[in-house]
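One-letter residues, chain by chain:
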Amino acid sequence: DTEVTQTPKHLVMGMTNKKSLKCEQHMGHRAMYWYKQKAKKPPELMFVYSYEKLSINESVPSRFSPECPNSSLLNLHLHALQPEDSALYLCASNTLSGGYTGELFFGEGSRLTVL
Amino acid sequence: DQQVKQNSPSLSVQEGRISILNCDYTNSMFDYFLWYKKYPAEGPTFLISISSIKDKNEDGRFTVFLNKSAKHLSLHIVPSQPGDSAVYFCAATGAGNMLTFGGGTRLMVKP
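Top line first, the protein sequences correspond to chains A and B.
So the mapping is simple: the working numbering equals the position in the first sequence, first residue as 1, plus 122.
So the mapping is simple: the working numbering equals the position in the second sequence, first residue as 1, plus 22.
In isolation and in its complexed conformation, chain B is listed as follows (with noise of 0.2 Å):
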């Protein structure tokens, strides 16, 4: 039972354009959510994150907005650029240290 979906395993955007990319859950107990970043071969690297009480986060070319109410948040990348293309993980975590990974979205970033 995957309590973290990402429901896209791959998208595909130009350079200069906005990379969306989505998260669902469905454990309303998580209160903290992650996005990490994943080339191949190596450790996924943390990239942003947001706590459940608030909406948006805001990092450089990076936000990630938090809807509490569906379950969703998503990571906003503008502009894309073409070292953006990775695998990108959304995780969540509650009370305790266990982080539930999302399936993963792969991101090709065009020139």
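Next comes chain A alone, as it looks inside the complex (with noise of 0.2 Å):
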């Protein structure tokens, strides 16, 4: 069982509605992320909060915007997106106290569908 839960699972939205991803950890890591995997593709890193500060992947469009409301939870808001927007969400969480070795732990993802 992933300690990093994401929800909805799936989630199909047309191009007009706005609609939000979310994220929860309790392992007490101060860093979250979110990546984009698109299928046969490697994992693209989208946004970071590290200590609820963000840093942006400056190639992620503005209809994507992440939000923080506190260390455990990060939301991913949803605005007028493509279908090529259509891909697997993943939220990871990391910590950053001493002997930090990179390793993420990854929720199971948001299937998300633009129609």
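Take the hints with a grain of salt, since some may be wrong.
[Said to hold, decoys possible] Beyond 12 Å from chain B on every Cβ pair, some chain A residues (computed):
1. Met135
2. His199
3. Leu200
[Claimed, not checked] On the chain A side, residues computed to face chain B include the following (Cβ under 7 Å):
4. Ala161
5. Pro164
6. Tyr173
7. Asp207
8. Ala209
9. Leu212
10. Glu225
11. Gly231
[Stated by the list, open to error] Here are the in silico distance ranges between beta carbons for each label pair:
12. B/Ser91 <-> A/Val182: 33 to 41 Å
13. A/Arg185 <-> B/Lys78: 44 to 52 Å
14. B/Lys78 <-> A/Arg152: 18 to 26 Å
15. A/Asn179 <-> B/Lys132: 35 to 43 Å
16. A/Ser193 <-> B/Ser73: 37 to 45 Å
17. B/Asn29 <-> A/Thr127: 46 to 54 Å
Since the hints were made in silico from the structure, they are not lab data.
The beta-carbon is built from N, C-alpha and C at its ideal position, and this holds for glycine as well.
Two chains, two frames, some hints: make the complex.
Pasting the structure below:
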């Protein structure tokens, strides 16, 4: 069982919809991430929240907006998406304490389909 | 520009034999390397890692080798089992929290 929980597991939305993906972890990790993964491709980093400070991959379009209400929660707000945004969206977290090893703990992902 | 490359998109191995998955990187600032395993419709799970100060790390059936001069690492699975069939991603990180992933290698272990 993963300790990073993502909801919903599946989401189908139209291009005019507004929806959100949610992610939660209770491991006390201080960094949380959103990755996008298309079929047969590696995960691509979208956003990082480190100690609740945001870092952005500049190539991510503004129709994706992250929100970090607290250190355990990370949301991804979706608005006016395009069909090419259909992908598996992965949330991950890791600890930033001493002995940081780079290991990310991933959730099971939210499969998004944009019609 | 791919900084982490896995040149073999797929690998097929007989059960009980050794699986060797390879990974090359170009960024000399990378100092920590990880392997992740991914089943369909699931998130990647961490498998094993190695620091740049080491050349080998072993965990049960899994061993990762690092050749810094060649900027190459490999994952050995011995003996391979059908349950090992998955996509394996190599990843690397330097200063900061950003992991760079390779393109993945699909391993198929035949009974």
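Here is how each hint holds up against the structure:
no. : hint                              : in the structure
1   : Met135                            : holds (19 Å)
2   : His199                            : holds (20 Å)
3   : Leu200                            : holds (19 Å)
4   : Ala161                            : violated (10 Å)
5   : Pro164                            : holds (4 Å)
6   : Tyr173                            : violated (10 Å)
7   : Asp207                            : violated (18 Å)
8   : Ala209                            : violated (12 Å)
9   : Leu212                            : holds (5 Å)
10  : Glu225                            : holds (5 Å)
11  : Gly231                            : holds (5 Å)
12  : B/Ser91 <-> A/Val182: 33 to 41 Å  : holds (36 Å)
13  : A/Arg185 <-> B/Lys78: 44 to 52 Å  : holds (45 Å)
14  : B/Lys78 <-> A/Arg152: 18 to 26 Å  : violated (31 Å)
15  : A/Asn179 <-> B/Lys132: 35 to 43 Å : holds (39 Å)
16  : A/Ser193 <-> B/Ser73: 37 to 45 Å  : violated (27 Å)
17  : B/Asn29 <-> A/Thr127: 46 to 54 Å  : violated (35 Å)
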